[in-house]
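Trainee: Sequence:
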Amino acid sequence: MVLLHGISTGSSAMMKLFLALFLAGCAPVDEELPEMVAMEDPTVVAEWIWTDGQMAWGGWGEQLLALAQREDRPILIYLAAPGCEGLFPAPTSGLNQLIAENFVSVRVDPFKRPDIARHYDAGGWPALLAALPDGRVFARAVDIPPANVEPYLRRLHLAYEEKRGIIVDKVQRVGGEREAEASFEVAAVYRACVAAYDSTYGGFGGPSKFLETSVLRFLLAYADARDEQPARQMALRSLDAILDSPLYANGAFYAYSATPDWNAPVREIDALDQAAMLHLLLEAGQPRYLSAARELLDFIAGEFFAADEGVFRGRRIDAEQQWTDPTFYADRQAALMRACLAASTVLEDDRAKRLALQAGDALLAHCIDDNGGVRHVCGAQNSDASGLLVDQALAALALWELGQVSGEVRFADAVDRIARYMEDRLGGPVAFYNRAEPIGPLPRFFSHRDAGRPAGNALALAFYGRRGDIERSSTLAGGLRIVPDRAYGSWARAVLRYGGMAESSL
103 MVLLHGISTG SSAMMKLFLA LFLAGCAPVD EELPEMVAME DPTVVAEWIW TDGQMAWGGW
163 GEQLLALAQR EDRPILIYLA APGCEGLFPA PTSGLNQLIA ENFVSVRVDP FKRPDIARHY
223 DAGGWPALLA ALPDGRVFAR AVDIPPANVE PYLRRLHLAY EEKRGIIVDK VQRVGGEREA
283 EASFEVAAVY RACVAAYDST YGGFGGPSKF LETSVLRFLL AYADARDEQP ARQMALRSLD
343 AILDSPLYAN GAFYAYSATP DWNAPVREID ALDQAAMLHL LLEAGQPRYL SAARELLDFI
403 AGEFFAADEG VFRGRRIDAE QQWTDPTFYA DRQAALMRAC LAASTVLEDD RAKRLALQAG
463 DALLAHCIDD NGGVRHVCGA QNSDASGLLV DQALAALALW ELGQVSGEVR FADAVDRIAR
523 YMEDRLGGPV AFYNRAEPIG PLPRFFSHRD AGRPAGNALA LAFYGRRGDI ERSSTLAGGL
583 RIVPDRAYGS WARAVLRYGG MAESSL
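Under my numbering, the first residue of the sequence shown carries the number 103, and numbering increases by one thereafter.
Calculated directly from the structure, the hints in this document are not laboratory data.
The list that follows gives simulated cross-link-like pairs (lysine to aspartate or glutamate, EDC-like), each with its CA atoms no further than 20 angstroms apart:
1) Lys-214 x Asp-154
2) Lys-265 x Asp-236
3) Lys-214 x Asp-471
4) Lys-455 x Glu-405
5) Lys-455 x Glu-411
6) Lys-455 x Asp-410
7) Lys-214 x Asp-486
8) Lys-272 x Asp-174
9) Lys-455 x Glu-397
10) Lys-214 x Glu-187
11) Lys-455 x Asp-400
12) Lys-214 x Glu-539
13) Lys-265 x Glu-173
14) Lys-272 x Asp-236
15) Lys-272 x Asp-223
16) Lys-265 x Asp-174
17) Lys-455 x Glu-510
Each pair of labels, with its calculated beta carbon distance range:
18) Gly-307 x Arg-453: 35 to 43 angstroms
19) Lys-265 x Gly-160: 20 to 28 angstroms
20) Gly-530 x Glu-164: 20 to 28 angstroms
C-beta: ideal position from N, C-alpha, C; glycine also.
Turn these sequences into a full structure, and let the hints steer you where they fit.
Mentor: The structure is reproduced here in structure tokens:
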């Protein structure tokens with residue numbers, strides 16, 4: 103199965119603009135994963151062998167936009183991640199020439215630059231996106247067969263040359279559309295979940311089925327807060343379906359299934375999914391779920407934690423040969439720290455607390471600068487992917503919780519620095535911006551909507567709520583005006599828990 107959207111390969115539909123939103127991840131395909139370096143020990147890090155041939159891709163930066171505008175050429179953005187098949191295994195000289203002469207091209211790793219991946223919203227990867235010289239996208243294509251890439255780009259170039267006015271007009275009309283505004287209602291998120299629920303197999307949407315842990319955790323919280331037992335039933339039936347499927351293997355959870363019955367797992371294990379599933383299992387609370395939580399904790403400790411570094415691995419591809427991503431990601435480190443702390447309390451497991459403490463030392467040493475900015479890729483200097491709201495809020499939450507458990511002042515001091523950075527650099531009138539400042543075509547905006555992961559402002563509300571900051575929590579909780587769908591699950595859950603702090607304190 104292939105997820106594909108963008109400009110149709112048919113000439114009559116060449117100019118259509120597709121803006122469908124999917125959860126990000128490697129697009130499911132029928133082909134086998136490319137050859138990888140064998141790993142006898144799953145904790146050993148191997149180097150990914152890219153399947154793409156040699157291409158002259160540029161790097162992301164202000165100069166990219168300046169070059170595109172100076173030469174009046176469209177931007178070709180190639181989202182490609184280690185662990186996903188490439189679209190350019192054997193590029194011809196004609197394809198290289200086509201791209202070099204007619205596009206300003208850049209390859210982006212969406213795991214290292216989630217801000218770019220979210221802004222351009224490809225719906226999966228590998229993906230090709232075509233943007234106007236000012237950075238506004240007019241075409242997206244996900245996981246097209248490599249043999250179709252060259253003809254696709256030739257038709258795209260021809261359309262841009264001959265019908266540019268139509269393209270610009272459509273981009274402007276789409277950019278001018280606004281979502282309907284209304285007072286945010288938690289119940290509206292619940293109704294959206296009910297509407298999307300798959301009563302046959304459990305879970306939500308389709309045809310691909312994702313774990314959607316933010317939705318499931320919201321449903322459990324909603325059931326408790328509103329005494330809405332159908333919400334709990336939906337969550338637990340979905341969780342049972344996942345546990346009974348091949349998506350759950352060897353104590354861990356694969357990212358998603360290519361089919362709605364959960365029986366076609368895409369064999370990628372992401373640390374963010376494992377952290378969220380551990381929280382979900384602990385919150386579900388029944389013996390079966392707590393047993394699965396223990397197995398997941400064993401997996402995290404045994405196969406996803408490098409004890410000599412104090413680093414949680416970010417992701418792993420399981421095929422005939424395993425490949426583990428060697429990158430040290432701040433968000434995944436913080437998320438697994440929080441999950442381990444929760445497990446140490448619920449399961450009464452001191453090992454989980456020790457993992458979190460060791461990981462906290464590594465987070466402090468490599469991921470946070472002197473000003474409190476959190477680097478998305480830890481250890482990277484002068485990175486544009488620094489100070490992202492999701493990373494800031496996750497790190498603040500993890501270190502605050504670690505400080506509460508350990509009583510160590512160094513964690514509290516780091517939390518203060520991170521919070522000051524958020525407030526000084528990301529703070530807006532009623533919410534936090536997604537980043538400190540716009541970079542090229544990447545705008546600043548208020549992030550309340552989950553994009554496969556909890557939204558930045560949902561995490562920020564949880565942080566200030568946990569910290570007992572009533573004024574800031576109340577401001578955040580009342581700042582969203584929108585008619586929501588289920589992608590606001592994390593925000594709705596945070597509002598349920600912390601939105602009434604001002605009233606309850608009277």
